[in-house]
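Engineer: One-letter residues, chain by chain:
There are 2 protein chains.
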Amino acid sequence: MNSAKPLILVANDDGITSIGIRTLIEIMKEIGEVVVVAPDSPQSAMGHAITIANTLRLDAVDLFKDVLAFECSGTPADCIKLAKHHVLKGRTPDLVVSGINHGSNSSISVLYSGTMSAAIEAAIEGIPAIGFSLCDYSHAADFSHISNFVKKITLEALKNGIPKGVALNVNFPKKQAEPIKGIKVCRQAAARWQEKFDERQDPFGRNYFWMTGFFVNDDKGDDTDEKALENNYVSIVPCQYDLTAHHSIALINKEWDL
Amino acid sequence: MNSAKPLILVANDDGITSIGIRTLIEIMKEIGEVVVVAPDSPQSAMGHAITIANTLRLDAVDLFKDVLAFECSGTPADCIKLAKHHVLKGRTPDLVVSGINHGSNSSISVLYSGTMSAAIEAAIEGIPAIGFSLCDYSHAADFSHISNFVKKITLEALKNGIPKGVALNVNFPKKQAEPIKGIKVCRQAAARWQEKFDERQDPFGRNYFWMTGFFVNDDKGDDTDEKALENNYVSIVPCQYDLTAHHSIALINKEWDL
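So the sequence lines, in the order shown, correspond to chains Z and D.
With the numbering used here applied, the first sequence covers 129 to 386.
With the numbering used here applied, the second sequence covers 129 to 386.
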């Protein structure tokens, strides 16, 4: 961190009007110079989608006091790309923060998460990045119990750096009667969503579906993000974007006839 | 593989009318019983997006001789979920194949790829899966030089299995004067896209952007997918979906004051 105020780029996936991003901006203003580029509409579960078959809009908005802010018609990953290459015009942020998401992005949800795609996109661009998510899907979620943790983790990231090519996936327990117990650095639990489809009929007699489902966690490890959250700890999973199953390379070379 | 014909589920991201999926279906019909669930419109670069804030449509289509086929309004990952939980009603496919994509999904493009999100979604569900992509973005791409390779890789996957939780990312070189030299099992190259934004003005005086860019590969390793493709080999990268940067856990625990 330079002696000057760090430049912090803020994005999210719930859209620029959400309480979560407003909360995050307020915390970041205490730490650095804040620039916001966030979607103009909710982009939850957009995964690492980018906009290549359509145009992108980017408009300045006057929503946050003393903060340069833009709303973008694209995905969270688009926001990072547009911020870096257009809004910041050559300045590289010291840190990208994304969120605070209204809802969990722990375990397998990291793959579907727009919040984390913004952070991972930043990591691909070589910028330290953190995605923050609260395990409370409510639009009116209470973020009051986590502000100090968001600030502490952000300051530690600026002080110590984040390993190159890594973005942190930080999840916070929903507000409970007891205060949060602490912070644990974890691995992604090997859990998944088990979908169910709710089939309905529209007023014109055609069928349609709503995707619903429940979370299945058969991973009983003590070192997972799910375990930490269950026990009222903040979970931090360092994430990278090399999907190679390295051990499988030798296996396939040995067993397959290619 | 059972003695009965294997059940093969086919998806893609270019949409159900693309030449790539038609080519893939014809090859799979020689191997097994084929069921198709594919997007009703192009879904390129959708990453691992899923549809949770909107409804999903699923309609039977009569496009492929002797093949049960459905078009879906959702993303490639949605197609797999709807296929498994609704279309196949309890039957589990022996294999999911996705593609053949019109365009490369090698290296970092795996993150943005709808083709690979279908394959990875299947892997999450415990189903062996392969995404096939041709390094030719043309709508009228020539797939004639790769059919035998698609068939060979599919048969090897059915014979030997694919490691649990792994999906194969298979990329084919664009047709060249020389025939393809062979197949290499690789790691994902540490390359990335360097975006540029083409700013224009609409007829109403408002600005908008097209995302463009070029591919930057500073990874000079001999064992990458990019290297294989450059040298006219088919690349196979086994992919998994645990994003944890495991080595960083100890590092953060040691260096950070949490």
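The reader is advised that the hints may include incorrect statements.
The list treats identical chains as interchangeable, and a pair is accepted whether it falls inside one copy or across any two copies.
[Claimed, not checked] Below 30 Å or equal to it, Euclidean Cα-Cα: the simulated DSS-like pairs (lysine-lysine) are:
#, residue 1, residue 2
1, Lys133, Lys348
2, Lys133, Lys355
3, Lys292, Lys355
4, Lys287, Lys303
5, Lys355, Lys217
6, Lys280, Lys309
7, Lys309, Lys193
8, Lys303, Lys217
9, Lys355, Lys382
10, Lys382, Lys193
11, Lys382, Lys133
12, Lys309, Lys217
13, Lys279, Lys324
14, Lys324, Lys382
15, Lys157, Lys382
16, Lys287, Lys309
Just so you know, these hints were derived from the structure itself, not from any lab.
Note that this is a predicted model, so its numbers are computed, not measured.
Engineer: Next, verify each hint and record whether it holds.
Structural biologist: To see whether the hints hold, each was checked on the structure:
1. Lys133 - Lys348: Answer is neither: 43 Å inside a copy and 37 Å across each miss the 30 Å cutoff.
2. Lys133 - Lys355: neither (36 Å within a copy, 42 Å between copies)
3. Lys292 - Lys355: Both: 27 Å inside a copy, 23 Å across copies.
4. Lys287 - Lys303: Within one copy, since 28 Å is at most 30 Å while 51 Å is not.
5. Lys355 - Lys217: neither (42 Å within a copy, 33 Å between copies)
6. Lys280 - Lys309: within (14 Å within a copy, 54 Å between copies)
7. Lys309 - Lys193: Neither. Shortest intra-copy (33 Å) and inter-copy (61 Å) distances fail the 30 Å Cα cut-off.
8. Lys303 - Lys217: neither (39 Å within a copy, 39 Å between copies)
9. Lys355 - Lys382: Classified as between: cross-chain Cα gap 21 Å, same-chain 37 Å, threshold 30 Å.
10. Lys382 - Lys193: Intra 61 Å, inter 38 Å, cutoff 30 Å: neither.
11. Lys382 - Lys133: Answer is between; shortest inter-copy Cα gap is 26 Å, intra-copy 54 Å.
12. Lys309 - Lys217: neither (42 Å within a copy, 44 Å between copies)
13. Lys279 - Lys324: neither (38 Å within a copy, 33 Å between copies)
14. Lys324 - Lys382: Answer is neither; intra-copy 39 Å and inter-copy 42 Å both fail.
15. Lys157 - Lys382: between (55 Å within a copy, 28 Å between copies)
16. Lys287 - Lys309: Only inside one copy: Lys287 and Lys309 sit 23 Å apart there, 50 Å across copies, limit 30 Å.
In terms of the numbered hints stated before, the structure departs from hints 1, 2, 5, 7, 8, 10, 12, 13, 14, listed from lowest to highest.
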